[in-house]
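K.L.:
Start counting the sequence shown at 1; every next residue gets the next number (full-length UniProt numbering).
These aren't lab readings, by the way, just hints derived from the structure by calculation. There may be inaccurate statements among the hints.
Said to hold, decoys possible - If you anchor each label on the Cβ, the simulated ranges turn out as follows: (1) S503 <-> E479: 39 to 49 angstroms; (2) I113 <-> L706: 43 to 53 angstroms; (3) P110 <-> G354: 27 to 37 angstroms; (4) V489 <-> P245: 37 to 47 angstroms; (5) T564 <-> G260: 28 to 38 angstroms; (6) R685 <-> L372: 39 to 49 angstroms.
Ideal Cβ placement from N, Cα and C applies to all residues, glycine included.
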Amino acid sequence: METATDIKNITVPVTGMSCAACAVSVESMLGHTKGVVNAGVNYANQSVAVSYDPELVDLPEMDRVLQSIGYGLIIEDNEEDAIAEQEKIQSEHYQKLRKKAIYTGILTVPVVILGMFLMDWAYSNYIMFALTIPVLLVFGRDFFVNAWKQAQHGKANMDTLVALSTGVAFLFSTFNTFYPQFWHERGLHPHVYFEAAAVIIFFILLGKLMEERAKSNTSDALKKLIGLQPKTVRIYRDGAEIEVPARDVRLGDEVMIRSGEKIPVDGKVVSGSSFVDESLMTGEPIPAEKKAGDQVFAGTINQTGSFTFTAEKVGKQTVLAQIIKTVQAAQGSKATVQRLADRIAGIFVPVVIGIAILTFGAWMVLGAENALTHAMLAAVSVLVIACPCALGLATPTAMMVGVGKGAENNILIRDAESLEKAYKVDAVILDKTGTLTEGRPKVTDWQWIASLENPAAHSAAVKALEARSEHPLAAAIVEFVEDDAKKTVTGFKSLTGSGIQGSVDGHNYMIGTLRFLEKEGISMATDLQPAYEVLTAQAKTVIGIAIDGRHTGLVAIADQLKPTSREAVQKLHEQGIEVHMLTGDNAQTAAAVAAQVGIDSYQAEVKPDDKMQFVKTLQAAGKTVAMVGDGINDSQALAQADVSVAMGKGSDIAMDVAKMTLITSDLLALPKALKLSRKTVLTIRQNLFWAFIYNVIGIPVAAGVLYPINGFLLDPMIAGGAMALSSVSVVMNSLRLKRAGL
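Please put together the full structure from these sequences, using the hints given.
P.N.:
Following this line, the structure appears as structure tokens:
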């Protein structure tokens, strides 16, 4: 009997997967392999987590099992080497697929022109034959190879349907090209379907190329998250300062961090002080002050000053490593978009083959004169009319038109999954900083005491002093003051965590927190008290200015609300959608922003993992959740959400994880995106209807059900025309989306 200790768990990269159906095949084959307890494929990052008994099966054996159906495992001793090898294979596969799609398109265009407009030309069939051979046997070879491998295991998928229909159309057309007399002797015209075979291969390749490109964006996000970790770091060990790879840092090591460096592991500051950009964790643009006893986290960036901290969490235990892990898991937990053909091909292919064989047999048995001729024509008509050309066009054409329509409205759509799900959204989660607000601190108010003479000159002096400061808020003051007059600064001193002081034009200035001024014996001016109370109630950061030992002014700094945020929230409410706000900022600021935009449900001081858990909570309650964010701290929640939307001016990682990006960072584009989704999904469904209605009606007619009634037998040319008409219907219906109003 197996025990828990007998079982080995490992995650291995998989090669050859091009759709969600592939992931199911990999799971199924491994799941039925002796010794494998469980196999779960993460299609997003092209890997499989396997639990197996090493005494019964090993990785090379599992690799052989998968290779039998066209897939494989990357087996390397080093995990980083395996990932690098996988990336290399994926890149080569994408480039190869891209070339195939381009060359197939170049060859298909003349075949379509000849087949549609010059079919009576004497040499037309021979040219189409020559151009179609490389389309099928070179660029479309994988469809036939994969279909054969699937058939060996009693399986069928979209590759099977493509190979069957294009193969029959090509062979039948080839026979008619070189032996037309066979049909002429029986009073029939020999039609060819080279253009149908070529067009099917081209559009299926185009669809696979789009899927591959969307899939590569997923791994880009993870690579950029991993890139947040520094390569090397300086530590104190055994009484000496040494430089080691970041992965070699051990618990208890004292790590030295200088200005501008990334923090490699989680820990606690033991000496020194600085400001650290923790937007990775909080999403807030204002760096956090760090001094002895404060926590620091891997991936965050030191800005000013230097400090030493003790490593408390290293390797896969750091907060950054957990973010990477959960993003990876969340991306793989959802099945990617899967065309209807992939879902039903396992049933549709055997049914079509069965009908074709039954049709041929019925005509041979029941047919009288020319039974063989009628049997062949009817069987071929069934197979030709079942060609998946319209099915291959249904999603890509609507997708391409929908993407174009989105781009016109500042909405970048990455894949059909977001279009399929966005129309169902009934709960939206908004990050505060960079989503509802501008994402950077600005001066909102500047108040001098009434008795101050020449306030403009003093503002210029404050600007001159702040220009020398390294404090994160200093840039906001420098940007706000328009006076560019050069001022001479003497006795400048920066007091970390408190403020600055110096002399300009014979006046002594002290600028900083009110606590700092009070410590220096400077109390707040009476006529500034009302303004101070109003500004603090609005959750703004208030800085005091003292001139020659007297409190003379206040400066308020805040991350300002975007002009359209309130209107966007209102439009979401009008669509019956719940709106929630999550932020890493303090409760007072969160309440102020929520009140301004009209959001009742909000949470403050939330960490990245808290955001993801909130998404899960809403999903558990049956909600279809859209997450909108702009920072690294939003990446976990974005990956977990049903629909993920990034703001265009946000971090690259957020945009890579998200399936939609609002290019202008105008939140009003969000309600438009949801409306576009509804219209696109409707178009896709209409396209699928047109793609199948011809099969539903045409296959029985092609089989000859009307022959006993009125003597009508569907000509293969008419079958090909019906198939072409279904494709035209799909394309024309997709183009209607261009005129849709948002």
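K.L.:
Next step is simple, just say for each hint if it's right about the structure.
P.N.:
Hint by hint, here is what the structure shows:
Evaluation of the 39 to 49 angstroms hint for S503 and E479 yields a failure: the beta carbon distance comes to about 23 angstroms. For the pair I113 and L706, the beta carbons lie near 33 angstroms from each other, so the given range of 43 to 53 angstroms is not met. A hinted range of 27 to 37 angstroms holds for the C-beta pair P110 and G354, which are about 36 angstroms apart. At about 43 angstroms, the CB distance of V489 to P245 agrees with the hint of 37 to 47 angstroms.
At about 35 angstroms, the beta-carbon gap between T564 and G260 stays in the expected band of 28 to 38 angstroms. Hint check: R685 to L372, Cβ distance near 42 angstroms, so the stated range 39 to 49 angstroms holds.
The structure does not agree with the numbered hints 1, 2 stated previously, though it agrees with the rest.
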